[in-house]
Amino acid sequence: MNHRNRDRGLLTTAFLLFLFFYTRFAIQPEIIYQAQEPVFFKTARFFVDFLGIPGGLTAYTAACLSQFYILPWIGAAVITLIIGGIVSLTHLWLNRLQPERTDVWLHLIPGLFLLMLHSHYHHPLSMTLGLLLAMAGLVLYTSIPIKNVGLRFLFYAILCGLLFYLSIGAMLIFAVLGALFEWTKNRSVKGALLGLIFLCFAGTLPWIATMLTMITPKQAYLTHFWIASRYPVGWAPAGLYITLIFLAFIPFWLPLFRKLSSIIGDRIKRIPILKKTGWICRIILISLLTWAAAHYSLSRDSRTLYQAVHHTREKNWDTVLEVISGNPMNHILIQHLSARALHHSGRLLDDLFSYPHAWGKQGLLLSYQFNYSAPKHMCDFCMDIGHLNEAEHWTYETLTLGGETPWILHKLAEINLLKGETDMARICINKLRQTLLHQALADDCEQLARNLAAGRTGAYPFPIRTDFIINKHKLEEDLQALRELMPQNRMVFEFNIASLLFDKDLEGLYNQIGRLPEFGIRTLPRHWQEAMILRMLKPDGSKLDLAGYKLNSSLIQNLQNFQQALLLKADKRVEAYNELAPAYGNTYWYYLIFEEVAGNAK
Amino acid sequence: MQNNLRAVISPIILICIGLCLSCTGPVEMPRLASLTPLADQPILHPDYTDITLPPNIAPLNFVIENPGEAYFVEISGELGSLIRISSRKPEIRIPLKSWKTLLESNQGKDIRMDMCVKSKTGEWKRLTPVINHVSEDSIDPILVYRRLHPMYYLWQNMGLYQRNLETFSETTLITNNQIEHSCFNCHTFVQNRSETMMMHFRAGQVSGLYVKDGDRHLKINTATDFNKPAAYPSYHPDGKRIAFSINNLGMFFHATGDTREVIDMMSDLVIYDVDKNQITTDIQISHPDYLETFPAWSPDGRALYFCRTNKLTDYTAGSDKDPQLQYNNVRYDLIRIGYNPETGEWGKLETVLSSGECGQSITIPRISPDGHFALVCMADHGNFPVYVRTSDIGMVDLETGYWWKPDINSAQSESYHNWSSTGRWIVFSSKRGTGQLARPHFAHVDKNGQTGKPFVMPQEDPAFYDSFLETYNLPELLTGPVELNAREMIRTMYDNEHIVQATLDSAVTHRNDLAEARTGWYILPY
Chain A
34 MNHRNRDRGL
44 LTTAFLLFLF
54 FYTRFAIQPE
64 IIYQAQEPVF
74 FKTARFFVDF
84 LGIPGGLTAY
94 TAACLSQFYI
104 LPWIGAAVIT
114 LIIGGIVSLT
124 HLWLNRLQPE
134 RTDVWLHLIP
144 GLFLLMLHSH
154 YHHPLSMTLG
164 LLLAMAGLVL
174 YTSIPIKNVG
184 LRFLFYAILC
194 GLLFYLSIGA
204 MLIFAVLGAL
214 FEWTKNRSVK
224 GALLGLIFLC
234 FAGTLPWIAT
244 MLTMITPKQA
254 YLTHFWIASR
264 YPVGWAPAGL
274 YITLIFLAFI
284 PFWLPLFRKL
294 SSIIGDRIKR
304 IPILKKTGWI
314 CRIILISLLT
324 WAAAHYSLSR
334 DSRTLYQAVH
344 HTREKNWDTV
354 LEVISGNPMN
364 HILIQHLSAR
374 ALHHSGRLLD
384 DLFSYPHAWG
394 KQGLLLSYQF
404 NYSAPKHMCD
414 FCMDIGHLNE
424 AEHWTYETLT
434 LGGETPWILH
444 KLAEINLLKG
454 ETDMARICIN
464 KLRQTLLHQA
474 LADDCEQLAR
484 NLAAGRTGAY
494 PFPIRTDFII
504 NKHKLEEDLQ
514 ALRELMPQNR
524 MVFEFNIASL
534 LFDKDLEGLY
544 NQIGRLPEFG
554 IRTLPRHWQE
564 AMILRMLKPD
574 GSKLDLAGYK
584 LNSSLIQNLQ
594 NFQQALLLKA
604 DKRVEAYNEL
614 APAYGNTYWY
624 YLIFEEVAGN
634 AK
Chain B
684 MQNNLRAVIS
694 PIILICIGLC
704 LSCTGPVEMP
714 RLASLTPLAD
724 QPILHPDYTD
734 ITLPPNIAPL
744 NFVIENPGEA
754 YFVEISGELG
764 SLIRISSRKP
774 EIRIPLKSWK
784 TLLESNQGKD
794 IRMDMCVKSK
804 TGEWKRLTPV
814 INHVSEDSID
824 PILVYRRLHP
834 MYYLWQNMGL
844 YQRNLETFSE
854 TTLITNNQIE
864 HSCFNCHTFV
874 QNRSETMMMH
884 FRAGQVSGLY
894 VKDGDRHLKI
904 NTATDFNKPA
914 AYPSYHPDGK
924 RIAFSINNLG
934 MFFHATGDTR
944 EVIDMMSDLV
954 IYDVDKNQIT
964 TDIQISHPDY
974 LETFPAWSPD
984 GRALYFCRTN
994 KLTDYTAGSD
1004 KDPQLQYNNV
1014 RYDLIRIGYN
1024 PETGEWGKLE
1034 TVLSSGECGQ
1044 SITIPRISPD
1054 GHFALVCMAD
1064 HGNFPVYVRT
1074 SDIGMVDLET
1084 GYWWKPDINS
1094 AQSESYHNWS
1104 STGRWIVFSS
1114 KRGTGQLARP
1124 HFAHVDKNGQ
1134 TGKPFVMPQE
1144 DPAFYDSFLE
1154 TYNLPELLTG
1164 PVELNAREMI
1174 RTMYDNEHIV
1184 QATLDSAVTH
1194 RNDLAEARTG
1204 WYILPY
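Protein chains in written order, with my numbering: chain A, 34 to 635; chain B, 684 to 1209.
Chain A with its partners taken away, still in its complex shape (with noise of 0.2 Å):
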C-alpha cells in the first residue's frame, strides 16, 4: 500500500467513524425517526405496490432501511454504510476520470454535503439512495471498455431506463456526469456535442415516462432527486449537485490544482512538526471541516422539537422538561408537551410558568389551525386526557396526512379497543403484525384487549357517558363540559385550572379551590397561590374562604418585591420584562404583568 492509499483509506475511515459517532450522538437516528416516520410493512401486497411506479425500488428500500432509524446504532450504521458507499463509489468514479493520481480527500466532499443533508430531520434516505445507485451506474459506465459510439450510446440509454426505473429523478445525476465524461473524456467539440446528445435523450426521458405511465412532470424529474422542503441548508443538495459537476471537471483543473497544492505542500513541508504528521494533521483538518459543517447544518430546534415529542410518546416525562429546559424555545407545541410533562410530574400548577407559555391557552390546549397541520399531538393529548372520541377524530386525521405509521396503528387499536370496537382493533392490530419492528406495539394492543376483556381498564380513564357537540373552536369550552362529565379526572381539572390561569380568571379559580381535596391535593400549588394572593387584593379580598388551604408568607413577600421593582421601571415596560426575567419570570405576576410582551416574543 502506497502513502496515498494509506492516507486515503485513513481519512475515509475517520471520516465514516466521525460520521457514524455524530449521526449516533448528535443527530440521534430516533429522532430522524421520529420526525419522518417512515410506513412499511414486510407484506408482498405492499411491495408490490412500489413495482409498479418508476423509482417504486428505491422508496420501497428507503422505507424498509428507515425503519432501522427506531434503533439508534443501527440506524447510524445504516446511513454511515449509505453515504461510505458513495464515498467509495465517488472515489472510483474520479479514479477513472484522472487515472494517475487524484487527491486523497476529493472524494469525500459528497459525503460531506450529504452529512449536512442528514442533519436535517426530514432528509429523505431515498434520496441518498438515489444518489448511491446513480454513481453505481456512473462507476459502471465509465468502467466499460466499449470504444464505438453507437454501443457506449446504447449502453448509457439501457442505464438510463434502468436507473429511472430504480430511481427516478436521481437518474439525472447519472445522466449529466455520463454526458460530461463523453466530454471530458475526449476534450474535444465532438465530445461535447455527444455528450450534449446523450444529455437530451436523457433529460427526455422522464417527459417520455409521464406519457406512458400516470406520473406527473414535476414527480419524473424531481422524485429522489430533489425536493421542496424548508431545508436550514436548503443550498445543500446544490452544494452537492454542483460539486459533483466541478468534480466531473477533474482533468481539466486537476492539473493546476496539484501546482497549488505543491507549493502549499512544500511550506508546510518545511515545517519541522508537520513533515512526519502531516497526514495526521490532514486528518484532523477533515475532521474538523466536516464537524463544523455537520455542527452548522444541525438545526438545534427541531431536534428540541422531535426529541421532546419522541420522550413524550416515551412518556418519558423528566427527560421531556430536562429537554424542554436545555432549549426553552417559544412554539406552540413545546409549550403543550411541557405542560403535559409538567402534569404527570405533578407540578403544572407550580411551574407552568418556568417552561415556555407565551402562546397562552393555544398552547396549553393546542389551537385549531395547529391541529390540522400536525393533528398527531392532538389526538396524542385527548388520548391522555381520556377524551377518546376527539382522540379518534385526531388520529384519523393524522392517518390521512401521515399514512399507517405503526404509532397511527397502536393508537387506533387502542381507541378502537376502549370503545368496544373490537373488530376494527383486529384490523389495526393485523396490520401492525405486518411492521418490521413493531410487533411489541401490537402485543401491547393484545395485552390491553385480555385486561379490558377482564374488566382491567388500567390507566385509562373512565368514558364518558353522555355525549356533547365538541366545539372544535373553543377547545377550553370542550374541557369544561369534560370537567363536569368526568370530575375525577385530574388531568382534565388541572387543565382547566390552568386555562384559567391564562384566561386571568381569579374568580374562576378561587371557585374552584373546594375541588382540590377530591384529588388529595394538601398545598395549594404555587401559582394558585399567586392568583389568591392578587385575588385577596380586591376590595373584598379579606373575606376568603381558601377551604382551609394557607398562603406562603414568602410568596406574599416575594409580590411585595415584584411590586416595588416594577415601581422602579414604570415606564420601561420592555426593559422591565428583561430584567426582571430572571428573578420573576416564573411567577403568575410576571405573566399577567407581561403577557403581551412575552406574546409578542412567538
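These aren't lab readings, by the way, just hints derived from the structure by calculation.
For clarity, every value in this text was computed on a predicted model and none was experimentally measured.
Glycine is no exception: its CB is placed at the ideal position from the N, C-alpha and C atoms.
Any given hint could be a false lead.
[Stated by the list, open to error] Partial list, derived from the structure: chain B residues whose beta carbon lies under 10 Å from chain A:
1. Leu837
2. Trp838
3. Ile857
4. Glu863
5. His937
6. Thr939
7. Thr942
8. Val945
9. Tyr1010
10. Gln1119
11. Asp1144
12. Arg1170
13. Ile1173
14. Thr1175
[What the hints assert, rightly or not] Straight-line C-alpha distance at most 20 Å; calculated EDC-like pairs for lysine to aspartate or glutamate:
15. Lys959/B <-> Glu1025/B
16. Lys507/A <-> Asp1005/B
17. Lys923/B <-> Asp896/B
18. Lys783/B <-> Glu748/B
19. Lys994/B <-> Asp1005/B
20. Lys75/A <-> Glu1143/B
21. Lys772/B <-> Glu748/B
22. Lys251/A <-> Asp1178/B
23. Lys75/A <-> Asp896/B
24. Lys505/A <-> Asp1005/B
25. Lys1031/B <-> Asp1016/B
26. Lys394/A <-> Asp417/A
27. Lys251/A <-> Glu1171/B
28. Lys452/A <-> Asp1149/B
29. Lys959/B <-> Asp1003/B
30. Lys394/A <-> Asp40/A
31. Lys507/A <-> Asp538/A
32. Lys602/A <-> Glu612/A
33. Lys75/A <-> Glu774/B
34. Lys505/A <-> Asp941/B
35. Lys959/B <-> Asp898/B
36. Lys452/A <-> Asp1080/B
37. Lys1130/B <-> Asp1080/B
38. Lys1088/B <-> Asp1016/B
39. Lys75/A <-> Asp1144/B
40. Lys772/B <-> Glu752/B
Using the hints, position chain B against chain A.
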C-alpha cells in the same frame, strides 16, 4: 479436510431438504365418502355460506376458522364439475379456471362445499356442507369505487379504481397523487354504461366538474348566480342532462358514541343541460322552504326522485340568539316529480314515502332498471347515512308505496348502493364488523324485490380485509370497463383557460342563498 467438511454438510443439506419437503409437500386428501358429516358448522371468513352468487363472479376465496392442522375442501355442482383443494393453512384459494367452469356449468343450480379439518391426532373431521346457489343472472363485470382512508376534515391520498369482478384484477383510473392531492367526490355514469362519466373535483387548481362523454373531455364550472358548484349527481338516461343537488354541508363531532356527523344546512336541485351548457331549476325542486337533495332519475327519464326535508330553522329550539339545532330530528321524505324530457316541463310533486310514515330519514334513492323499486338508505335521522350507524338499506315498491328493510342489513351503517344493469343484483357499502370501514357487498334481487344473503366482494387473499384500513366509497356497477385516458383527464382538469362556464336559464327567477352560502356556522349544533 474437504472430505470432512463434505461429510458434515451433506447430511445437514439432506435434512433441510427433507424438512422443506415435509413442510411444503401436498396434504393427503381424505376420502369424503368414508367420513360422516359432523354437526360442526364450518366457520368461513368472509361468510360465503347460503348465498346466491352470480355465475361470473371471481372465486370466493375464504379462510376456514375451525381450528385444524390441515384442511380439505371439495366443491361440487349439481350438474357436475369438481374442485378439490387441500392445504396446511386455513386459507382456501380456489383456482380461477376450475371455478369458472364450475359456475358456468351449474347456473341456476346449487353448488356444495364439503370441508374437512384434520385434528392434531391426524384424524380428518368432516364439517357440515355449505350449499350456495348459482344464479342464472350475471352481475355487471366492473365495479368502480373510490378508495381512501376513513375521512374527517383532511384528505391526502385517494384514488378511483375499477375492479373486474370476474377476476381479481383492480386497475387505477386516477389517483389524486397526480392532481396535487385534490379531493374528488362523486363519480357517476349513465345507466351502468362506462362511456359517459362525470366526476366532481374540489379544492385547488383542478376544482370543477369533469365530464367524459366518449372522447370528449370537459371541465365545467356549474356555479351560477343561482347556485354554487354542483354536488350529488344523477345522469338522465339520455346522457344529455344531469340532475344535481347543491348542498351546504357541515361536519360536526360527538363527544361519545359515533364520532362524526354531517348536516346539510341548505340544499336545492338543479338540472345541467350538457348540450346547452345551461343550469335550470324549478321552484318545486328548489323551494326556499325545503332542502332538496339526492336526485335520481327514473329509468325512462320521465320522473325525478329526490329527498326533501324542511328548512333547518324548523328544527331549531332555544332562544333567537342561540338557536339550537335539533339535528337528530332532521328526517327526509322520498319525493317524486314528473318530467317531460322533450319539453323540459315539470309535473306535480308527490310524496312517495314520508319520514313521518316510516319513522326514518330516507336518503340516496336509486331506482331499479324496471322502474318498479327504489333502493334507499333509511336511518333514524340525518342526510349522511355513511356516518350514521342506524342507516340500513330499504326497498320501496314505487307502485304501491309499500316499503321494507331487506334482510341484508347489519348493526352498522349500510349506505351507498346501486343496481346492476339487469336489476337482478345490487351493490352496497356496508360497515358491518368494523363500523368504520365500508366494504362493497352484493346481493341478488328477484323480480319481486326479494333479496338473497349479501356477500362481500371476493379478494384473491381471503384475509385481505383483515388488515386493510381503507374504505370503499361509492361503488358503481358497470357493464364494461372505463376507458379513461388519465393524462387527458388531468390536462383537462388543469386547463382553466378552457373551463366551460355554465349559464343560468333566464326562466329561473327565484333565488335562494346558495350562491353565496357560507359555512353555515350559525346553525351548526356547536
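Hint check, glutamine 1119/B versus chain A [nearest Cβ-Cβ separation less than 10 Å] = holds (5 Å)
key: When the least beta-carbon distance from histidine 937/B to chain A is tested against 10 Å, hint result   = Interface hint status for histidine 937/B: holds (5 Å vs cutoff 10 Å).
request  = For the pair we were handed, lysine 923/B and aspartate 896/B, check the Cα-Cα distance against 20 Å.
outcome  = Distance of about 10 Å is within 20 Å: holds.
request  = Given the hint that lysine 994/B pairs with aspartate 1005/B, test it: the Cα-Cα distance must not exceed 20 Å.
outcome  = Status holds; Cα separation ~17 Å.
message = Hinted pair, alpha-carbon criterion (20 Å max): lysine 394/A, aspartate 40/A. Please report holds or violated.
response = Judged against 20 Å, a Cα distance of about 59 Å means the pair is violated.
message = What's the verdict on lysine 505/A and aspartate 941/B, does the C-alpha distance respect the 20 Å limit or exceed it?
response = Since the Cα atoms of lysine 505/A and aspartate 941/B sit roughly 16 Å apart, the hinted pair holds (cutoff 20 Å).
task = Decide if the proposed pair is consistent with the structure: lysine 959/B and aspartate 1003/B, CA atoms, cutoff 20 Å inclusive.
result = This hinted pair is violated, its Cα atoms lying about 44 Å apart.
ask   = Is lysine 251/A within 20 Å of aspartate 1178/B, Cα to Cα?
value = Measuring from Cα to Cα gives roughly 17 Å; hence the hint holds.
Agreement of lysine 602/A and glutamate 612/A with the hint, judged by alpha carbon distance not exceeding 20 Å = Holds: lysine 602/A and glutamate 612/A sit about 9 Å apart, inside 20 Å.
key: Given hint leucine 837/B near chain A, where the shortest CB pair must fall under 10 Å   = holds (5 Å)
query = Close enough to count: is the Cβ of isoleucine 857/B nearer than 10 Å to one in chain A?
reply = holds (8 Å)
ask   = Given the hinted pair lysine 772/B and glutamate 748/B, is their alpha-carbon gap at most 20 Å?
value = With a Cα-Cα distance of about 10 Å, the restraint between lysine 772/B and glutamate 748/B holds, given a limit of 20 Å.
The earlier numbered hints that this structure contradicts are 8, 14, 18, 23, 29, 30 and 36.
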